[in-house]
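Novice: Each chain is listed here by its residues.
There are 2 protein chains.
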Amino acid sequence: MVESWSFLDTAESNFRPLVVIELAKGTKEETIEWFTKRIVDKKVNGGAQLLIKPLVTENGVENIYLVGASHLRLLLGAETVGLVKECSDNSMRTFTYSSRKTFKHFADDNHDFLTMAECQYIIKHELENLRAKDEKMIPGYPQAKLYPGKSIVRRLLTSGILVQIFPLHDREELKKLCHSWYGRVKVGYQPLDDIRCYFGETIALYFGFLEYFTFALIPMAVIGIPYYMFAWEDYDKYVMFATFNLLWSTVILEVWKRICAILTYRWGTLLMKRQFEEPRPGFHGVLGINPVTGREEPVYSSFKRQLRIYLVSLPFVCLCLYFSLYVMMIYFDLEQWALDYHKENESNFSSLMLYVPSIIYAVVIEIMNRIYRYAAEFLTSWENHRLESSYQNHLILKVLVFNFLNCFASLFYIAFVLFDMKLLRQSLATLLITSQILNQFAESLLPYWLQKRYNRRMKKRMCSTKTDADLSLAEQITMEKEMGTYLGTFDDYLELFLQFGYVSLFSCVYPLAAVFAVLNNITEIYSDALKMCRVYKRPFAEPTANIGVWQLAFETMSVISVVTNCILIGMSPEVDALFPDSKMDLVLTVALVEHLLLAIKFIMAFVIPDKPRDIQMKLAKLEFESLEALKQQVRAFQMQL
Amino acid sequence: MVESWSFLDTAESNFRPLVVIELAKGTKEETIEWFTKRIVDKKVNGGAQLLIKPLVTENGVENIYLVGASHLRLLLGAETVGLVKECSDNSMRTFTYSSRKTFKHFADDNHDFLTMAECQYIIKHELENLRAKDEKMIPGYPQAKLYPGKSIVRRLLTSGILVQIFPLHDREELKKLCHSWYGRVKVGYQPLDDIRCYFGETIALYFGFLEYFTFALIPMAVIGIPYYMFAWEDYDKYVMFATFNLLWSTVILEVWKRICAILTYRWGTLLMKRQFEEPRPGFHGVLGINPVTGREEPVYSSFKRQLRIYLVSLPFVCLCLYFSLYVMMIYFDLEQWALDYHKENESNFSSLMLYVPSIIYAVVIEIMNRIYRYAAEFLTSWENHRLESSYQNHLILKVLVFNFLNCFASLFYIAFVLFDMKLLRQSLATLLITSQILNQFAESLLPYWLQKRYNRRMKKRMCSTKTDADLSLAEQITMEKEMGTYLGTFDDYLELFLQFGYVSLFSCVYPLAAVFAVLNNITEIYSDALKMCRVYKRPFAEPTANIGVWQLAFETMSVISVVTNCILIGMSPEVDALFPDSKMDLVLTVALVEHLLLAIKFIMAFVIPDKPRDIQMKLAKLEFESLEALKQQVRAFQMQL
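Residue numbers (the UniProt record's numbering), protein chains in the order written: chain A, 1 to 641; chain B, 1 to 641.
Hint data in this document are derived by calculation from the structure and do not stem from the laboratory. Being a predicted model, the structure only gives us computed values, none of them experimental. Keep in mind that a hint or two might mislead.
To be verified - When the alpha-carbon atoms are kept at most 30 Å apart in a straight line, the in silico DSS-like pairs for lysine-lysine are as follows:
#, chain 1, residue 1, chain 2, residue 2
1, B, K175, A, K618
2, B, K459, B, K176
3, A, K618, A, K175
4, A, K611, B, K583
5, A, K273, A, K25
6, B, K452, A, K43
7, B, K257, B, K85
8, B, K136, A, K621
9, B, K176, B, K104
10, A, K25, A, K37
11, B, K25, A, K618
12, A, K257, B, K43
13, A, K237, B, K25
14, A, K422, B, K583
15, B, K136, A, K273
16, A, K237, A, K422
17, B, K621, A, K85
18, A, K150, A, K237
19, A, K621, B, K85
20, B, K343, A, K257
21, B, K150, B, K304
22, B, K25, B, K176
23, A, K621, B, K145
24, B, K621, A, K42
25, B, K133, A, K618
26, B, K53, A, K618
27, A, K136, B, K133
28, B, K618, B, K175
29, B, K53, A, K621
30, A, K136, A, K304
31, A, K257, A, K273
32, B, K133, A, K621
33, A, K150, B, K176
34, B, K53, B, K459
35, B, K176, B, K43
36, B, K273, A, K304
37, B, K273, A, K621
38, A, K257, B, K53
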């Protein structure tokens with residue numbers, strides 16, 4: 001066995017391609033030779049000890065390489081990345097090679113112990129951790145500098161020699177997954193565990209959240225329907241609906257934490273130790289000593305970064321916000337004009353025209369959101385954050401603030417400056433529905449159609465009439481390498497976040513919002529699934545234990561919605577009528593109710609435990625065991641003395 | 001060296017008494033023999049491998065034993081409890097015996113490497129972890145049941161055989177500490193590091209917080225003085241003062257987290273791993289299998305506990321709250337009566353009489369707080385919590401809610417029901433000052449006086465005229481074992497918490513509150529120091545990384561104070577005059593300002609990092625190193641293959 005994982009066994013029979021590396025056309029021979037040598041080289045010599053094979057197509061070699069690894073290498077890699085797997089006694093434990101026999105389904109010849117997504121994640125981790133030793137530059141490219149400890153793959157990527165690395169689809173598995181996921185119309189849950197096995201935890205968790213959120217909206221939608229059907233406009237009914245909504249939104253966010261803990265415990269990521277974060281590929285600076293690692297690497301003064309953030313990014317964001325408000329004012333002018341037009345020449349056409357400004361505005365909002373998104377990405381990348389997580393946090397903050405204002409400013413203006421509830425209802429409906437249609441179209445259907453057309457053309461060129469499943473490996477790779485790259489769950493969460501805003505901020509004015517949200521989310525599940533399986537390259541699996549900053553974003557939104565709903569209820573004429581003598585009493589009552597609701601919210605968030613009791617017990621048990629093991633070690637050492 | 005720590009070296013020359021064990025009078029010989037045997041027995045045989053010696057006084061043996069340990073035993077114990085010490089390169093690391101040479105000031109013959117408090121903590125830990133093997137009961141006491149794994153010391157304590165365990169004072173050190181702490185009148189900081197060395201981290205952190213809090217109040221006090229002196233009653237000045245107070249209180253609480261991190265990093269407790277929590281001594285139940293540890297131990301159904309909490313404790317607390325409100329109403333009747341009396345026969349006496357109800361009420365509040373405290377302790381103990389931390393949380397919650405209502409209900413009533421600002425100011429002043437005087441007296445001065453009288457009597461009986469420092473060990477122990485036991489920092493923090501309430505809740509009505517708080521806290525430091533050094537037995541050191549639930553309590557208070565201050569300002573006649581036309585606008589403006597302030601508070605709490613940058617770097621460095629070490633291990637293992 002020890003012999004079997006030297007890099008000699010690149011033998012065809014043993015080799016299962018997992019990851020594709022595409023080098024730029026015209027890459028120098030010496031570079032390729034050096035790079036492949038480093039990939040297959042033994043760990044002792046600083047290599048990754050993986051298997052690599054050039055892809056031979058009919059047109060000859062195309063600078064595409066397939067990377068795989070022996071079974072043993074993958075198991076050792078699983079230990080390196082700290083994978084957590086289920087043991088025979090149903091507990092979750094960090095996998096180590098020496099304790100491999102205690103794990104469920106482990107057998108030396110069972111090559112399915114690690115899922116394909118896990119294997120690909122391990123290979124990606126090993127490739128990214130392939131580090132320069134004493135090379136000063138990439139052989140053949142003197143301008144691509146290296147220093148000891150620099151990740152070779154990251155330098156190859158930033159200097160354009162490496163075009164892309166992506167994991168291969170498994171056509172067989174994919175077909176099965178597609179079928180059980182969206183292939184048939186069915187009532188039931190998504191196959192989250194299968195999604196997780198194929199796409200990894202981050203994506204499975206997004207779909208889990210999407211599904212959970214959809215189910216959670218159903219009670220709101222069900223309660224909302226009679227309001228629309230019977231045109232209930234009584235004060236007490238609205239108050240009941242809003243109060244229910246506010247408390248319900250707190251409950252669903254708290255319960256999600258528990259469900260998330262259940263899912264990620266089962267997937268092992270809840271227990272996975274955080275790895276030390278390397279600088280992101282785009283990070284640059286002058287060579288210096290990192291005070292944390294003590295290694296020589298680029299450093300960039302935190303003061304300069306702060307300057308860039310506060311002197312450039314912040315003013316730019318403010319300018320964008322101002323511009324967005326300016327566009328909003330134009331929209332109100334348009335709205336006024338349409339109203340005047342309708343009054344002058346009343347006709348079917350003119351009453352249709354009433355909706356036009358809202359629709360135009362909704363489209364403009366979407367366009368502005370997308371343009372701003374690029375600007376935000378550019379700025380955040382220019383701020384030169386060292387860590388990916390810090391980059392992501394700054395990007396999310398920028399995008400969230402702008403999107404929030406851009407989408408909701410007009411609604412706030414209508415509600416709290418114009419006091420026009422009818423217009424608010426109409427705008428809300430138009431904005432919500434238009435943005436949902438645009439999103440579904442731009443996000444999934446359009447790319448799907450483009451991809452399909454491209455596939456057809458490719459197949460025609462290859463003169464092949466085979467179905468997808470029968471394609472040769474070379475053909476499959478040629479197809480996949482041209483597919484778009486999935487850029488992460490950011491946009492998907494953002495869409496849900498804005499939807500949550502539409503549903504909760506003004507829920508007492510437009511109870512139907514939840515109905516539309518539910519309908520949208522059901523199709524969203526299908527179109528997102530389609531997107532993942534058919535439109536984009538397979539993404540690398542990313543272990544994650546929760547939805548991160550989005551939990552905070554949703555919770556903030558639900559706090560804001562308490563305030564807006566209380567004000568809206570206070571402004572309704574029915575409530576007004578309850579306090580005929582004194583406006584003061586009205587306002588004071590509303591303020592009191594608002595504070596009470598906020599207090600209840602915080603107490604509820606505090607009282608509901610974030611993890612279910614049995615998960616808590618399991619975690620406590622693991623902690624106890626590791627402490628016991630430590631104690632045993634100390635004791636054993638003491639006895640030696 | 002290996003020989004030197006067998007239990008044979010109980011030789012007088014080597015023995016330094018650290019901890020005193022007092023057994024009940026008339027404890028059976030076989031019990032004593034068994035217990036001491038277990039203490040000195042080797043680790044291999046399940047003993048604690050400590051040294052023990054009976055105390056021989058002039059009156060003969062008194063069932064008092066002195067426990068010590070060899071130097072090597074203490075070092076190994078330091079590893080067991082996970083002590084963190086400073087290395088030669090100024091970084092903080094978990095102490096291990098094998099890496100002992102890398103630590104600062106370590107030398108095999110330097111017996112001061114561990115402080116006396118640390119040694120005592122180690123011995124306490126070892127004694128508490130002395131567990132039953134196959135004993136079914138304590139020899140000689142068939143009713144004191146044991147089961148494998150049960151802590152022997154805890155069973156001895158609950159069955160009354162063991163009267164107490166306490167650490168010895170070090171008269172020499174104590175004298176030095178007293179001198180530098182409160183022995184001379186000086187301007188400057190307390191010797192926190194010395195306090196920590198002598199009393200441990202929990203107590204040092206309390207004094208650190210007390211000092212920090214006093215300094216943080218000084219700006220409020222300084223700004224408050226001119227308000228009193230010049231009788232400023234302008235609206236804008238009050239608004240400025242209140243706004244400053246609100247933002248300031250957020251800042252000080254956030255900055256405290258940073259200072260706390262600096263202190264506990266230096267003391268090593270920030271890095272200390274949490275130990276697995278054993279059941280608290282008072283916990284009882286039927287013998288079963290603990291699902292976490294898999295050990296046989298008493299279990300108590302969580303459902304029964306919930307029943308006790310919700311069906312008994314909760315109603316009882318509500319009843320107490322109702323009673324407290326009832327007493328408050330009596331106070332207002334008294335107040336009215338005093339006012340009437342003053343109106344009828346106006347004299348110096350009658351104007352003094354005006355203060356009497358407030359003073360009586362303040363005394364009654366203090367008495368009720370103390371009685372309720374006992375009731376809360378009884379109830380929480382009856383709820384039968386398994387862990388000390390859960391017991392503490394439930395106790396703190398009960399006590400906080402009651403104390404908050406009891407102390408502040410009358411002020412809320414005066415402010416927001418009676419709208420009587422003059423009475424509010426007067427009540428606030430009386431309550432604050434009376435409770436401070438009562439507290440200082442009941443907490444420190446009375447016990448000090450009692451203790452002093454007792455000491456004098458004791459010395460007289462021993463016919464000794466020596467000063468404290470010259471007492472023989474036997475005399476010292478005889479004195480110390482009769483001293484009161486310090487019950488932890490709970491009451492001290494509670495006092496500060498209520499004081500913070502008096503200062504911040506109604507700060508815009510009575511700016512002088514901060515001045516009184518500062519004055520009180522300066523004397524509080526001295527009287528608390530006196531209490532620690534002279535009145536109570538030395539407490540065992542307790543490592544801690546922060547002030548725990550009190551941080552949350554103070555933050556909640558500062559949120560509530562935003563609300564109260566905004567309302568108070570809104571109610572002031574000057575603000576009223578600014579909105580002559582519409583009360584509505586006034587209320588809306590106040591509500592808007594309140595929400596803005598709350599938003600600023602939360603953003604500030606979010607933006608200010610909880611740990612200073614250099615501590616963050618040091619922690620990141622340690623994390624990096626431990627991850628690297630883990631990787632090295634995996635790599636070494638891979639290379640072996």
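Novice: Does each hint fit the structure? Answer for all of them.
Specialist: We went through each hint and held it up to the structure:
| no. | hint | in the structure |
| --- | --- | --- |
| 1 | K175/B to K618/A | violated, 50 Å |
| 2 | K459/B to K176/B | holds, 23 Å |
| 3 | K618/A to K175/A | violated, 36 Å |
| 4 | K611/A to K583/B | violated, 47 Å |
| 5 | K273/A to K25/A | violated, 39 Å |
| 6 | K452/B to K43/A | violated, 72 Å |
| 7 | K257/B to K85/B | holds, 22 Å |
| 8 | K136/B to K621/A | holds, 26 Å |
| 9 | K176/B to K104/B | holds, 24 Å |
| 10 | K25/A to K37/A | holds, 19 Å |
| 11 | K25/B to K618/A | violated, 45 Å |
| 12 | K257/A to K43/B | violated, 44 Å |
| 13 | K237/A to K25/B | violated, 73 Å |
| 14 | K422/A to K583/B | holds, 28 Å |
| 15 | K136/B to K273/A | violated, 42 Å |
| 16 | K237/A to K422/A | holds, 18 Å |
| 17 | K621/B to K85/A | holds, 29 Å |
| 18 | K150/A to K237/A | violated, 64 Å |
| 19 | K621/A to K85/B | holds, 29 Å |
| 20 | K343/B to K257/A | violated, 63 Å |
| 21 | K150/B to K304/B | holds, 23 Å |
| 22 | K25/B to K176/B | violated, 35 Å |
| 23 | K621/A to K145/B | holds, 26 Å |
| 24 | K621/B to K42/A | holds, 29 Å |
| 25 | K133/B to K618/A | holds, 27 Å |
| 26 | K53/B to K618/A | violated, 44 Å |
| 27 | K136/A to K133/B | violated, 63 Å |
| 28 | K618/B to K175/B | violated, 36 Å |
| 29 | K53/B to K621/A | violated, 39 Å |
| 30 | K136/A to K304/A | holds, 28 Å |
| 31 | K257/A to K273/A | holds, 19 Å |
| 32 | K133/B to K621/A | holds, 22 Å |
| 33 | K150/A to K176/B | violated, 55 Å |
| 34 | K53/B to K459/B | holds, 25 Å |
| 35 | K176/B to K43/B | violated, 37 Å |
| 36 | K273/B to K304/A | violated, 36 Å |
| 37 | K273/B to K621/A | holds, 16 Å |
| 38 | K257/A to K53/B | violated, 55 Å |
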